[in-house]
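Chemist: Given chain A's structure and the hints, the job is docking chain B onto it.
The lines below spell out each chain.
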Amino acid sequence: MQESWLLFKRNLADFWKTFRHNRMGLMGAFLVLTAILLAIFAPLVTTTSPNEIIRDANGRGLTFAPPFVHGPLGTDDAGHDVWAQLAFGARISLTVGFLAGFIAMFVGSLLGILAGYFGGWLDNLIMRITDVLLVIPDLPLMLVLVAAIRQLNLQISPLTVLILVIGLLYWTSTARLVRSQVLTIKERQFVARARAIGAGHIHIIRNHILPQIMPLIVANTVLILSTAILIESGLAFLGLGDPTQPSWGTMLNFAFDRNAISNNAWWFYLPPGLAIVWVSLGCVLLGNVLEEMLNPRLTGHHLEGEARVVKITGEEAAHAQHLG
Amino acid sequence: MSRRDLLIRKLLLSLVTMFVVVAINFVLFRILPGDPVRAVIGRNVKISAEVQQSLREQFGLDKPVFPDQFFSTLGQWARGNLGVSWSLRKPVAEILVAKLWNTLLLIGLGQILSIFLGVVLGLFAGWKRKTALDVGALTFSLIAWATPTFWLGIILLAAGSSWLGLPTRGIVSPENVGKPLYTVIPDLMAHLFLPTLTLSILYLGEYMLIMRSSILEVLSEDYILTAKAKGMSHWQVLWKHALKNAMLPIVTIVALNLGFTVSGAIYIETVFSYDGLGKLFQTALTKQDYPLLQGAFLLLAVSVILANMLADILYTYLDPRVKAS
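The listed protein sequences correspond, in order, to chains A and B. The first sequence begins at 107 in the working numbering and counts up by one. The second sequence begins at 2 in the working numbering and counts up by one.
This is chain A alone, in the form it adopts within the complex (with noise of 0.2 Å):
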């Protein structure tokens, strides 16, 4: 295996040593690692599928039952159990979101080392890429490309249109990144010293610097993560999901739409957004922390502590005073 492969695996066992004791950094993963196993183990935790309609006994759909009438969610406008569309909810809301998220990584991060390592016409071009893409409003145009899109007839599912236009969207701000530390990292010596030697490109790109800037895309990735669940719950409440796979965001979008709110039903609206909250969270915590601990800035500023500069103690005061 390649030296620098090694070398970023023992950074990585030395960043778990660090990372275990913080204590932000491991709520994020468990706000994330349960929400991803409640999508994985969905049909293992739920009694009903989501789509079934719950009954009373004289054989009407039971609507908008409070909690523990029936399941530990109540049932939504049309009887359906709402526990178990949460449950199922999570592998639409993840999927999208984390699909979505590494296209954005991806593409970013591509762009982002041609930009910083190539550099040129192929940078400036790039780079006034993402600016242009910074200043349009991001929902208006998501909601106007979906629906174009969406006119077009391609045969492809809601879903993926969600996805791709998330995942092609989002990317700039990880190739911002990632061109500021290609740009570092190509004028070290190790890299001079690959070149002098006849190393190509694609040779210096991935055996140098792809292991250093790792990391710090990895942190980028887990921010991105929680944009991209964001997003996909936005676009699906504003009626953009697929409504045959609901999504969190498409509960509550149903919630909305069929009164959930004037019949005081939150078991029905509460618990979709509650669990958005708990996966973007979860995904900031553990993006921050990693960020933190791989890009270490500002410890400390100049009013922390004592008001003075000098403890002034009596005795010098009286020696001050006896110079003044």
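Since the hints were derived computationally from the structure, they do not count as laboratory data. Where a beta carbon is used, it is the ideal one built from N, C-alpha and C, also for glycine. Possibly wrong hints are sitting among the right ones.
As the list claims (entries may be wrong) - Here are some chain A residues pointing at chain B (derived, C-beta under 7 Å):
| hint | residue |
| --- | --- |
| 1 | D244 |
| 2 | F343 |
| 3 | Y375 |
| 4 | V383 |
| 5 | S386 |
Modeler: For chain B alone, kept in the frame of chain A given last:
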């Protein structure tokens, strides 16, 4: 970099961005179904084939898409002619202008409130770093960031309407519709309270974080140590030396945030049935009213680009490091 060079750079970038937005709008307009003639005169109006043909020629639709049609459409948009809404059967520009003020009112109130609170809280959080106040402020902004806008709106709507008896939809009560807004201020305030609160809570966290990191950076500068060594109190140092410099990034963030604010307005206006551009955008989307959707997108995007440009220009005058030459 001199101020003139910087301004020219920003101006060029804004122009390019504007061009990209217009191009996206044009291309999407062609992808979306429906005849452009129909888009202009309304979908359900009955017209004969001959009239359609003459309209076609009048709009230049017999000419090639690029460059002829592209530039003539551009000219139409520049003159404020955005076509006719399919669902409302009125000129799109007219509808947009009517809703614009409601949205500006909501966004303006929300932004002023969140900037003011964010700057004050961020200042204290950074100054009293690692105290309970700082940890509390950080926790709040993290949670605010992770909360979906529309869901916070739904919760506040449910809580505010059942516990405080606040109105849940619209901008004024039905009996006050049509009266000038300044005559029904108490009613207006009751309607604006929850949407503004939602918007403020969401953006407060971000301004607070920016202000906090900015003040931390400024307080680590040597001139702060010098000021402190001169015997100035903490308050004097903060007020005279730190605050002005630390507030610079806020100008840029306010402008960059306008994009997010527009997103926030779409969600919040949808949740509170608030009669502004955001609600209009969402309605146009669900009713597949494409001329309205395109017009709203153009207006939102162009306003955000212009606001960004203004903020950039303002920044070059506020930041003494940008030299006038």
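Chemist: Against this structure, judge whether each hint is valid.
Modeler: Okay, the hints, checked on the actual structure:
{"no.": "1", "hint": "D244", "in the structure": "holds, 6 Å"}
{"no.": "2", "hint": "F343", "in the structure": "holds, 5 Å"}
{"no.": "3", "hint": "Y375", "in the structure": "holds, 6 Å"}
{"no.": "4", "hint": "V383", "in the structure": "holds, 5 Å"}
{"no.": "5", "hint": "S386", "in the structure": "holds, 4 Å"}
Checked against the numbered hints listed earlier, the structure breaks none of them; every hint is satisfied.
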